[in-house]
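**Q** What follows is each chain in one-letter form.
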Amino acid sequence: MSAQVLSVRTCFAVYFVLIALTAATVGAAFLDLLYFSTPVALGIACAKALLVMLYFMELRHSQRLVWVFVGNGVFWLTVMIALTMSDIISRGWLGFPGK
Amino acid sequence: MLELTAPYVAHQFDDADQQREASALGMWLFLITEIMFFGGLFTTYVVYRTAFPAAFHAASKELDITLGALNTVVLITSSLTMALSVHAAQVNRRGMLVVCLLLTIAFGTTFLGVKAYEYWHKWHEHLVPGASFVFHGPDPTNAQLFFSLYFAMTGLHALHMIVGIGLLAVLTARSAQGMFNRFYYTPVEMSGLYWHFVDLVWIFLFPLLYLLGRH
Numbered sequence: 063m064s065a066q067v068l069s070v071r072t073c074f075a076v077y078f079v080l081i082a083l084t085a086a087t088v089g090a091a092f093l094d095l096l097y098f099s100t101p102v103a104l105g106i107a108c109a110k111a112l113l114v115m116l117y118f119m120e121l122r123h124s125q126r127l128v129w130v131f132v133g134n135g136v137f138w139l140t141v142m143i144a145l146t147m148s149d150i151i152s153r154g155w156l157g158f159p160g161k
Numbered sequence: 621m622l623e624l625t626a627p628y629v630a631h632q633f634d635d636a637d638q639q640r641e642a643s644a645l646g647m648w649l650f651l652i653t654e655i656m657f658f659g660g661l662f663t664t665y666v667v668y669r670t671a672f673p674a675a676f677h678a679a680s681k682e683l684d685i686t687l688g689a690l691n692t693v694v695l696i697t698s699s700l701t702m703a704l705s706v707h708a709a710q711v712n713r714r715g716m717l718v719v720c721l722l723l724t725i726a727f728g729t730t731f732l733g734v735k736a737y738e739y740w741h742k743w744h745e746h747l748v749p750g751a752s753f754v755f756h757g758p759d760p761t762n763a764q765l766f767f768s769l770y771f772a773m774t775g776l777h778a779l780h781m782i783v784g785i786g787l788l789a790v791l792t793a794r795s796a797q798g799m800f801n802r803f804y805y806t807p808v809e810m811s812g813l814y815w816h817f818v819d820l821v822w823i824f825l826f827p828l829l830y831l832l833g834r835h
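Quick mapping for you: the protein sequence lines, in order, are chains A and B.
Residue numbers for the first sequence follow this note's numbering, so the first one is 63 and each next one is one higher.
Residue numbers for the second sequence follow this note's numbering, so the first one is 621 and each next one is one higher.
The hints are simulated quantities; they were obtained by calculation from the structure and are not laboratory data.
Possibly wrong hints are sitting among the right ones.
[To be verified] Pair by pair, the computed Cβ-Cβ distance ranges are:
hint : chain 1 : residue 1 : chain 2 : residue 2 : range
1    : B       : Ala674    : A       : Met147    : 15 to 21 Å
2    : A       : Ala75     : B       : Leu779    : 30 to 36 Å
3    : B       : Leu690    : A       : Arg122    : 25 to 31 Å
4    : A       : Met147    : B       : Arg802    : 46 to 52 Å
5    : A       : Arg126    : B       : Asp634    : 15 to 21 Å
6    : B       : Phe650    : A       : Val141    : 30 to 36 Å
7    : B       : Gly733    : A       : Cys108    : 25 to 31 Å
[As the list claims (entries may be wrong)] Simulated coverage check for chain B against chain A, where a stretch passes if three residues somewhere in it have a Cβ under 8 Å from a Cβ of chain A:
hint : region
8    : 646-657
9    : 699-712
10   : 766-776
[Unchecked claim] From chain A, some residues computed to sit far from chain B (all C-beta separations above 12 Å):
hint : residue
11   : Trp155
12   : Gly157
13   : Phe158
Since the model is a prediction, treat every value here as computed from it, not as a measurement.
Don't be surprised by glycine CBs; every beta carbon is placed ideally from N, CA and C.
Assemble the whole structure, with the sequences as input and the hints as a guide.
**A** Structure (structure tokens):
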């Protein structure tokens, strides 16, 4: 697979979407969304991260092996946070002495 | 084209594409170790924010959202100029390559300048954890945890920016000497991957640190 030339138009288009999403996340932070503030902020952050990875980092045109590597990174990060939190949150559920 | 690419291909590779793919794979692998490196701090953040939501909410309000948002825009713009640098190398435009790399360095330095001002401000407001820490909101003890994480996470991020600026400075000098062209620009591309990664980390740091207690 040969290197694709990064298009200037695409770069600018992605840039303006990223700026718009930054404005959106700042705006959303001032709204009272109850329990949804953090999910909305993280959702926008994930969208921005995907745009940066797919376009600026050219993941779109990368070999599939790179996708497997990136997927692994995300998977283990999820494992680290999810398993840590499953322990922290559930610690108080059962009344073992000395928990 | 094969004859032209040959001088740039190390003997262990079949062709330029294979060489480039090996570099990209290695760089991504390094970036994944970086994800896990920052991941430890993000996990710590999640644990303590879950434990002390009120302290984190109040402490986050002390951060300057305008400067945080400004820095986000500055860093995204530096990612744009970095992407344009790769484009310039791909289409053989040496002048544009040098200018774009210099712009990326300029935006990166601006980011660090704003960050330094924020640190200086926090120092003056006694918000640096330690003996002189003063916090008037609820739960000052645990608010210190937020500021510890704030300094650790943004500090580690800033350290990555400083390394990145060093890389870009070397690249700029080499680009000016004409060491990169459309057949060989792997160092520009790999440094670009690193720079965009630093941007990615900030994309998550900004909402988690600055935007949490706004409403």
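**Q** Given as covered by chain A, does the region 646-657 of chain B meet the bar of three residues or more with CB within less than 8 Å?
**A** Three-residue rule met by the region 646-657 of chain B, so holds; n is 6.
**Q** Evaluate the given range 46 to 52 Å for the C-beta pair formed by methionine 147/A and arginine 802/B.
**A** 48 Å Cβ-Cβ, so the 46 to 52 Å window holds.
**Q** Just to make sure I understand the rule, a stretch counts as covered if three or more of its residues have a C-beta closer than 8 Å to a C-beta of the chain. Does the region 766-776 of chain B meet that for chain A?
**A** violated (count 0)
**Q** Can the suggested window of 25 to 31 Å be confirmed for the beta-carbon pair glycine 733/B and cysteine 108/A?
**A** About 29 Å separates the Cβ atoms of glycine 733/B and cysteine 108/A, which means 25 to 31 Å holds.
**Q** Taking the shortest Cβ-to-Cβ distance between glycine 157/A and chain B, state whether it exceeds 12 Å.
**A** 19 Å, holds
**Q** For the hint 25 to 31 Å, verify it against the beta carbon of leucine 690/B and that of arginine 122/A.
**A** With Cβ atoms ~30 Å apart, the hint holds.
**Q** Taking 30 to 36 Å as the hint, is the beta-carbon distance of phenylalanine 650/B and valine 141/A inside that range?
**A** 20 Å, violated
**Q** Look at the Cβ atoms of alanine 75/A and leucine 779/B and judge whether their distance stays inside 30 to 36 Å.
**A** 32 Å, holds
**Q** Regarding alanine 674/B and methionine 147/A, is the given constraint of 15 to 21 Å on their beta-carbon distance met?
**A** 19 Å, holds
**Q** Within 15 to 21 Å or not, the Cβ separation of arginine 126/A and aspartate 634/B?
**A** 19 Å, holds
**Q** Over 12 Å to the closest beta carbon of chain B is the bar; see if phenylalanine 158/A clears it.
**A** 19 Å, holds
**Q** Say whether it holds or is violated: tryptophan 155/A keeps its Cβ farther than 12 Å from all Cβ of chain B.
**A** 15 Å, holds
Against the hints set out earlier in the document, violations occur for numbers 6, 10.
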